Amino acid sequence: MEIGVLALQGAFIEHRKKLESLGATVREVRLPEHLDGLDGLIIPGGESTTIGKLAVSYGLLDPLREFTRSKPTWGTCAGMIFLAKDIGGDRQPLLGVMDLTVNRNAFGRQIDSFEVNLDIAGIEGGPFPAIFIRAPVATSAGAGVDVLARLDDQSIVAARQGHLLATAFHPELSDDARIHRFFLDLAASVSTP
Amino acid sequence: MATNGHTNGHNTGETGTETVKRGLAQMLKGGVIMDVVTPEQAKVAEDAGAVAVMALERIPADIRAHGGVARMSDPDMIEGIMKAVTIPVMAKARIGHFVEAQILEAIGIDYVDESEVLTPADEEHHINKHKFKIPFVCGARNLGEALRRIAEGAAMIRTKGEAGTGDVVEAVRHARTLLGEIRRLTSLDEDEMFTFAKNIQAPYALVKETAELGRLPVVNFAAGGVATPADAALMMQLGVDGVFVGSGIFKSGDPAKRAKAIVEAVTHFNNPDVLAKVSRNLGEAMVGISVSSMTDQQKIAQRGW
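Chains A and B, in that order, are what the protein sequence lines are. Just so we're aligned: the first sequence equals residues 1 to 193 in the numbering used here. Just so we're aligned: the second sequence equals residues 1001 to 1305 in the numbering used here.
Calculated from the structure, these hints are not laboratory results. Remember, predicted model here, so these are calculated numbers, not experimental data. Be careful, since some hints might not be right.
Unchecked claim - Heads up, simulated DSS-like pairs for lysine-lysine below, C-alpha to C-alpha not over 30 Å straight-line: (1) B:Lys1257 - B:Lys1043; (2) A:Lys85 - A:Lys71; (3) B:Lys1208 - B:Lys1257; (4) A:Lys85 - B:Lys1299; (5) A:Lys85 - B:Lys1083; (6) A:Lys17 - B:Lys1208; (7) B:Lys1083 - B:Lys1133; (8) B:Lys1198 - B:Lys1277; (9) B:Lys1198 - B:Lys1208; (10) B:Lys1198 - B:Lys1299; (11) A:Lys17 - A:Lys71; (12) A:Lys17 - B:Lys1133.
Same shape as in the complex, but just chain B (with noise of 0.2 Å):
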């Protein structure tokens, strides 16, 4: 097993364990995650009280507008923001590329997000996620992609909305259809728990154990189109543990107050008084694009498996 010299006399010190992947993003609950594409990005962020960044090249927004393959950023530019902050940081690599996964292990990101915003590597297999000692967060519309990616190893969770989109609607799809499916499953009885289990296509001890906790065995952050304190705080409300916010911030127009306004709707996501407040005076708020006019083929969501 890993060692790090850590003991006090009974065991060694042990690293990579599910509990430690598992219990940073338990650290993180209640707390925003903001995309940043450099160091000064990243200064505003930890500034406004982000608990993490996304190191990447592109935004979402941007990314969608670009059009190409979107890849895993360069580590150069990845360590240029690890530098400048004291928050952790996460990195993106491709849906099933395990070799930039392994890449942003050896550079001692934090956290990689295996990320339909990226173009994916592999349109059957996920990466492997045990095999690594860093933990992983990844994307689910409903429960049985979630409790599928957390077989493979994903230490948290985010439901996808739709990258790049300031457009909240597919957020909340997701987040209700995962948290809906959640609370019907806990009404079944043992022996209705087996189907279930086969028609979400997810493993049954994971299936038992969500009954069991009434809830997800790691944590699950709302992402895709948060664009408003407001947004941020109906994300809390329907039930997620704390929210990432990707083009919503940097295509704004005042983007150091509208992160803190988020962090704050964020904690405070349960008293109205204080969402009236941070409301105020924001600026103009990214201009978006309304998913409803998107094709399918538009959609980012659709990547994953």
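Looking at chain A on its own, in the form it has when it is part of the complex (with noise of 0.2 Å):
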């Protein structure tokens, strides 16, 4: 099996390393040919005004929303807001593939990120290590959305749309592989009906 990490931009390198670790053969994509024969893709944490600003110069964003159409697809965190239908009031390219609607930098600046153990629906052996930086929440989703994890103030922070998966934390910087584990078997599933 064989996925890409979207690497314009961000912690392609850490997702990369975690897939690997796990047994996948990895490719890191840059431009619309490198999507072409994967079986599943990441997009990752970064600065989601500049991944954005780059898919479009390299004419990434139709290529990726049909990518998404059918392949399962992971967004964190800037990949998150990527993916995400509504943002709000700023204005930068999306997929807008996910029925969610998403709030940028949801805690403030950089003083207020944090970590924290969440629970998250699917994910067996107790609390997730979640590092949350300068991270987005989504404030509602769609009929179509399962919400697999919320904070306290019940603002989502994982959530699955068929085969869309998007969290707001970066599982790429945790010493804990269970949600790549969880992505790579939703790309098998869908591979092999």
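Two chains, two separate frames, one set of hints: put the complex together.
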């Protein structure tokens, strides 16, 4: 199984290492042709404005939208913003394929970034060490979206819509590969129905 | 421990941890951080795809020309830039000037650069960066200097280069020195590592960690003299995680276009076809100063200990 990691900017090497430690083959995606034949894609954390602009400059928006119609795709932090349908007033390029309303930088500036142990539906073995860095949250989710984790204030920080997955935090920075394993299992179930 | 009220029934969220401080730098990787002196320039940088901006009153080329003592910028000016953009904002404090850093933390800056570009406030001690909840980036010319800064709590390193020159030669020298030392370190056996740590005047535990990782334990950008997309891609191919561009953008003929070209060059650093495309018709590059014509006294990279 070959998984792509969008490598325009951000923490793509951390995702690559996690996937490789689980036995997946990984390809870095910077141009549309790099998507050919992949079984799944991760859109990493980074600066969502930068990733969006670079995706537009190199004609990636439509190929990415097409890819996400049938192939498992997981966005972390900036990747969650990029997948969302609605981010309020901010103007930046979005794929708009996940029925989420996302609030960028929901917690404030870097000084408010935090770590917390999080219960996530579908992730067995106890709470997950979740790292939030200038993180977004989803304030609402459409009917087709399963909410997997919320904070105490009810904001949504992990969600699934069929073969699409979004986390507001950074599993690629945690010393815990359970969500990467979950995503590989999802990709395997889609590629061999 | 500091808390922010975000919990989900287990632990209270913890802010200001080493993981969180280093983590922001990890999100900046593969990106360009640009020096800006006004909110308008900050918007130009953000629109070009910068991952962060460095807010300062004078860019290094002007600090050089102006002379005198260079200090932390006016908080009001920094806040004006923080309001203008959604990307992270960094600001510089003088080496050893922990009160300037406290002020920057109080206004909620995302990253402090304890920078040799400003006039040092302490010629023996750097800031104890563990005391802060906001992360710090520090300059380094070699592995020993980088690991001493990390021991003091730096969450990100930038090789120094020679700021405000537009000459990439020192940026290359410092990146090659640091990355070359790491390559040599990984070939040593455990017994030899003790002497290596002593020779580069760095804590043994960090030397060992660097050897095991095969890289610095924190993100490492290049800085100091990057003026063209080719310069930026050169630094990336040498093995850094991203680049700072100071005077190179807003001292050039067409800052918006050059800024965007440098951002694209960092993403596609290994693709000469893209590099050829983005290098075209950028207008005049900054005039620059050749570092080989400078005396050691004129070099600001010498500052820091």
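Taking the hints in turn, this is what the structure says about them:
With a CA separation close to 13 Å, the supplied pair Lys1257 of chain B and Lys1043 of chain B stays within the 30 Å bound. Of the supplied pair hints, the one linking Lys85 of chain A and Lys71 of chain A holds, its CA atoms being roughly 18 Å apart against a limit of 30 Å. As the CA atoms of Lys1208 of chain B and Lys1257 of chain B are separated by approximately 43 Å, the hinted pair breaks the 30 Å bound. Only pairs whose Cα atoms come within 30 Å are accepted, and Lys85 of chain A paired with Lys1299 of chain B is rejected, the gap being roughly 50 Å.
With a CA separation close to 25 Å, the supplied pair Lys85 of chain A and Lys1083 of chain B stays within the 30 Å bound. Distance hint between Lys17 of chain A and Lys1208 of chain B is fulfilled; the C-alpha atoms sit about 21 Å from each other, no more than 30 Å. Of the pairs offered as hints, the one joining Lys1083 of chain B and Lys1133 of chain B holds, with about 21 Å between alpha carbons and a cut-off of 30 Å not exceeded. A distance of roughly 47 Å separates the Cα atoms of Lys1198 of chain B and Lys1277 of chain B; the hinted pair therefore is violated under the 30 Å criterion.
Proposed proximity of Lys1198 of chain B and Lys1208 of chain B is supported: the alpha carbons are some 12 Å apart, at most 30 Å. Restraint check for Lys1198 of chain B and Lys1299 of chain B: satisfied, since their Cα atoms lie roughly 27 Å apart, inside the 30 Å limit. Proposed proximity of Lys17 of chain A and Lys71 of chain A is supported: the alpha carbons are some 21 Å apart, at most 30 Å. For the hint pairing Lys17 of chain A with Lys1133 of chain B, the CA-to-CA distance comes to about 28 Å; that is within 30 Å, so the pair holds.
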